[in-house]
Each structure stands twice: as C-alpha cells, then as structure tokens.
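Since the structure of chain A is provided, determine the placement of chain B on it from the hints.
If you read the protein sequences in the order shown, they are chains A and B.
First residue of the first sequence? That's 263 in my numbering, and the numbers climb one at a time after it.
First residue of the second sequence? That's 50 in my numbering, and the numbers climb one at a time after it.
FYI, nobody ran anything at the bench for these hints, they're computed from the structure.
Don't be surprised by glycine CBs; every beta carbon is placed ideally from N, CA and C.
Heads up, some of the hints might be wrong.
Listed below are the simulated DMTMM-like cross-link pairs for lysine to aspartate or glutamate, each with C-alpha atoms no more than 25 Å apart in a straight line [unchecked claim]:
no. : chain 1 : residue 1 : chain 2 : residue 2
1   : A       : K283      : B       : D316
2   : B       : K334      : A       : E377
3   : A       : K283      : A       : E377
4   : A       : K283      : B       : E313
5   : A       : K283      : B       : D147
6   : B       : K334      : A       : D360
7   : B       : K334      : A       : E331
One side of the interface only, derived from the structure: several residues of chain B facing chain A at Cβ under 8 Å [what the hints assert, rightly or not]:
no. : residue
8   : V146
9   : A306
10  : D316
11  : H336
12  : T340
Read off the chains here:
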Amino acid sequence: METRNDVLVVDDDADMLDVMKFVLDEAGYSVRSAENGKQALEATAAQVPALVLLDMLMPVMDGWQCARELRARYGNVPIVVVTAAENARAFGAEVGADDVLPKPFEINDLLQVVERYVARPAPSHPAA
Amino acid sequence: MFPTALDRGGLTAEGKVRSERRFAFTIAAVFTAAGAAWILVTDVLLYGLFEEPEVIARLETAKGCVFIVLTALILYAVAQRCAARLTRAQDTISAIVDSIADGVLLLGRDRKIKHANPAAVRRLGYDRLAGMDASEFSRRFRLTYLDGSLVPPDEFISQRVFDETGPLHYKAVVHPQNGKEFVISATAAAVRSKAGVPAEVVVSVFHDITEADQLERLRDQFFAGAAHSLKTPVAIIKANVQILSRFDAPQHRRAIAPIERQCERIDRLVQNLLVLARLRSQTLKLHPCETELRPLVAEVALEMGRASRQHEVRAELVASPRAFVDEERFALALCNVIDDALRTSTPGSPVTVLLTQHSQEAVIGVRRQPLPPEERTLEAHGEYDDLGISRCVARTVISALGGALREDQESPESTTWIRLSVTEGSRGNS
Chain A
263 METRNDVLVV DDDADMLDVM KFVLDEAGYS VRSAENGKQA LEATAAQVPA LVLLDMLMPV
323 MDGWQCAREL RARYGNVPIV VVTAAENARA FGAEVGADDV LPKPFEINDL LQVVERYVAR
383 PAPSHPAA
Chain B
50 MFPTALDRGG LTAEGKVRSE RRFAFTIAAV FTAAGAAWIL VTDVLLYGLF EEPEVIARLE
110 TAKGCVFIVL TALILYAVAQ RCAARLTRAQ DTISAIVDSI ADGVLLLGRD RKIKHANPAA
170 VRRLGYDRLA GMDASEFSRR FRLTYLDGSL VPPDEFISQR VFDETGPLHY KAVVHPQNGK
230 EFVISATAAA VRSKAGVPAE VVVSVFHDIT EADQLERLRD QFFAGAAHSL KTPVAIIKAN
290 VQILSRFDAP QHRRAIAPIE RQCERIDRLV QNLLVLARLR SQTLKLHPCE TELRPLVAEV
350 ALEMGRASRQ HEVRAELVAS PRAFVDEERF ALALCNVIDD ALRTSTPGSP VTVLLTQHSQ
410 EAVIGVRRQP LPPEERTLEA HGEYDDLGIS RCVARTVISA LGGALREDQE SPESTTWIRL
470 SVTEGSRGNS
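Isolated chain A (complex conformation):
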C-alpha cells in the first residue's frame, strides 16, 4: 500500500541523512531512511514510498544497482538522484532518474524537488 507523502532517503552519510530527514520531517513528510541500496530495497519491500531520494556512491549496494532493482520491482516509482558526483546529470540520465539534485543543495531546492513528486502535507507543527 503506497503512502502518498512517504519519502525514502538513501545516503551512506549519517549526517546527510539526518539533515534531509530533519528538513522533510519539518515540512510534514513521512520520512524513512536507508544507508545503502540494500537497506533501501528492504525498506521498499515493506512499503513502496512515494519518492526515493537516492545517493549514488554508497557501499554494499550503490545507487545504480538500487535504481535498476527499484525500476524492475516497482516500475515507475519516482527516483531523484541526490549526489555530489561531478556528472550528476549524466548519472541521473544513466539510471533513468526522474530528477537530479546536485550536492551541495539549498534546502528550498530540496523541498521544491520533493514537492514536484509528493504533495506537500499540511504542516504538522507550526514553523519555528
């Protein structure tokens, strides 16, 4: 069963995961995280997210393999490649990503790109 505001963030850097999770949590999204492609596939097996924010260079299973598996299993699940790689757009095109967000990014850009695929929920708590 797909949850329409469920975002899965996949990144091997715990600090990066924290900050993305914090921003999206604050915006009212339901956020899950995974530290590599393998964990991401396990997480999607339990519940298919409305959007996957996917890093490319990760241990255990990298973004390329993870994207291929996600496409094979769930078809058109939106994938946004979030990477510090120099050729971010080429990587995105390679894996058939729906969008690319190069690091470092502005928080507003992150929110905009997520909002493009997942309707922004009403704020669960007032802005600080």
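Frame of chain A, contents of chain B only:
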C-alpha cells in the same frame, strides 16, 4: 667546395641559391677556360708543326675527338662526385632519422608511409610500415583520442597537415592488434620547397607518454576525488546552517552568514578544481541544451549579490536570448566572472550584470569600477590561486560553448563581456 647538407643547415633560402649558383658558375668557368686553352694551344702547335691541309684536317678531327673524350671524363667525374654527395646527404639524413629515439614516420606525396625509423617499428611492433596508408594504419593500430573516441583516418595529423598549416599536435592512444595500448604525443609537419606548394614529405614524430600520462591521470583523479569528497561535508554544513538560519535569532545570523558565504566559496572552488582537472586530462564534457539565458543570468546575479558583503550586484537584463549552453558549467563561468569583479572592484561600488542581444549574439556584461592599479594586489598572484583558477575556468567554459570572453577598459569602469551565439527564434532586446 659545394657544402654538405649539414653545412647548409644554417643558410637562408637566398644563401642556398647563391651557393648553388657559385658552384655551377665555378664549374662552367673552369670548363670554359680549360676548353679555350686547349683549343688555343693545340691550334698553335698544329699550325706551327704541319703545313699540309689534309694532315691538318685529320689532326683537327683527332683533336676534336680528344676534346670530347676529355670533356666526357670531366663530366663523369663531376656527376659522380655530385651523386656521391647526394647519396651521402641522404644517408646522413636517414641516419639522423634512424637515430632518433622517438618514432618517426615519413610520408610521401601519396600520403602513404615511405619510411619508418627503428624506434617507430619497435614501438608499434610491426616492421612492414612502409607503403601503409592511413586506413590500413587505422585498422592495424586503432588510434583513439584520450576520451576513447576513434580518430578517423582522415583526421590523423599526418594526413591533415598535407592540407593545413602545421605543425599539428595531439595526444592519442594506440591500440595495436597484438599488443598493449599506449599513449602517444604526436606532432606532424609538412616539408614544402616553398609556401603554398603541395607538401613533398610529411614528418610525423610520436613519443610514448604512457607513464607520464598515467601519472597525470592519477593526479587528476586525485583532484577529482578530493573535490568530490569535499562536496558532501560542504553540503551537510550548508544544509545545517540553513536550518539554523530559520531560527531567526539576530546573534545567530551574524555567525551564520559568513559560514554560508564560505560554504559557497568552497563549493565554487571545488567545482572549479573539478573543471580544471578535467581540462588538464582533456576529459571535460559539456552537455549543452537550449536555454533561456535571462532567468539563469538573473539567478546567478541574485545569488552572487546575496553572497557579497561589500558590493551590490545589479541586474540590467533587457533581452531574452536563448542559447545552447551547459547550464551548470555556464552558471559556474558566470559566477566566476562576477566573483572576479566583486573581488577587484573599488570597495562599496556596485557591480552590474548586463544582458542584451546584438543581432545573432547574446551579450552578457559584468561591469565594475576596478581598483586603482596600485591596489590590485590580487593580480600579482599566480595562475593557480583561486582567482587564477576561476579565470581560467571561465575562459575555457565560455570558449568550449563556442563563445568569447573579453575585457573592455572604459575608465573609470571596466566590463567583462561574454558573447554567445543565440539559437533561432531568440527574442531581441525588450
């Protein structure tokens, strides 16, 4: 005496012609004098010793025959001597070519290899190079550029230099059929007797630079790897700072703003280093697509204005041209030009970003009031400080996009102009 090929090396073209004429004139003069002396002396002797016309006539005939034989002997000696000298000169040139440690290929007018020196034969691992044309060479040694794309036979520099002004140079990878690939640095030059005439010979010299190239690649990979590794921490710092800035405490803002500015600076430096590394390894790839320049220029100007403490960045965008650009790289180049202006302007003065369209060109200007010459301390820095790197990257990216970057000094202002060809249907100035 007529000088040898090596002796003549230092002579000018006019000097060589003079030397040849002197040599020919000496032979002709000696022959004329000797012939005249022969005729004079033998005639005096003949008419002094004999009186019968019949005897004189026979002796005249014999005298003529002796003259012809002597002339033939002299001609033989001169021709043999010249031919020997030519052969020695050719042997000297061949020995020089063969002694060169780099591979040398000599191509004739038919554009085929006429001679390959031992170093070329050894490095290519094939001894039947003579008579080979470019297509066969391509089949046997599959030449590629450093980015892996095939060098078509008619784009070999040894072929192009027949029609273009040389010498031409490139780096390429040779993939022999039965051997390990290696990287070469090759130069080709055409030998012409005078300018404008077809090349008689093309000399192509190649040097194996595999080891140097590997070292260079390692260094560039290190650059690229280091730059990539720096991006993630910058991304985390930047995102956290942005989160902090949402809690609008004035005492925090004062500390947060410089962190944001420095993050931007590190990010730009990292991107510039990446482009520089790609440039040096000749692997810079752009992905141009048709782009409306006005919003892109406006966004860059706005961001740079936000990041500047001392200067206001104004935008005067009066056209909406479209051009084929790689958005990311073009934005980086424009950021670099604006950053350059911000860092070399009179404190407090504004920097103005202009966008206009002239005919088929989009013209982007970055206008500033430059510091007086005595205060331009940054100019003294080397080409590898961040300002030097950013200038190099801006120039290269704009040039790779088919544009031009030029600076105009119009005291008291100075403007850096970026010109790009617009795509069809671009809207002119509004």
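Now the hints, each set against the structure:
Taken as a hint, the K283(A) and D316(B) pair is honoured in the structure, with Cα atoms around 23 Å apart against an allowance of 25 Å. For a cut-off of 25 Å, the pair hint linking K334(B) to E377(A) is broken: about 31 Å separates their Cα positions. Between K283(A) and E377(A), the direct Cα distance comes to roughly 15 Å. Compliance with the 25 Å bound is thereby established for this hinted pair. A threshold of 25 Å between alpha carbons decides the hint, and for K283(A) with E313(B) the separation of about 22 Å falls inside it, so the pair holds.
Under the criterion of a C-alpha separation no larger than 25 Å, the hint pairing K283(A) with D147(B) is inconsistent with the structure, at around 69 Å. Distance hint between K334(B) and D360(A) is fulfilled; the C-alpha atoms sit about 22 Å from each other, no more than 25 Å. At most 25 Å may separate the alpha-carbon atoms for a hinted pair to count; K334(B) and E331(A) exceed this at roughly 29 Å. Because the smallest distance between the Cβ of V146(B) and any Cβ of chain A comes to about 44 Å, over 8 Å, the interface hint for this residue is violated.
Checking A306(B) against chain A: minimum C-beta separation of about 15 Å lies over 8 Å; hint violated. The beta carbon of D316(B) comes within 6 Å of a beta carbon in chain A, closer than 8 Å, and the hint placing it at the interface holds. A cut of 8 Å between beta carbons decides the hint on H336(B): the least distance to chain A is about 6 Å, and the hint holds. Checking T340(B) against chain A by beta carbon gives a least distance of about 13 Å; that is not within 8 Å, so the hint is violated.
Of the numbered hints stated above, those contradicted by the structure are hints 2, 5, 7, 8, 9, 12, listed in ascending order.
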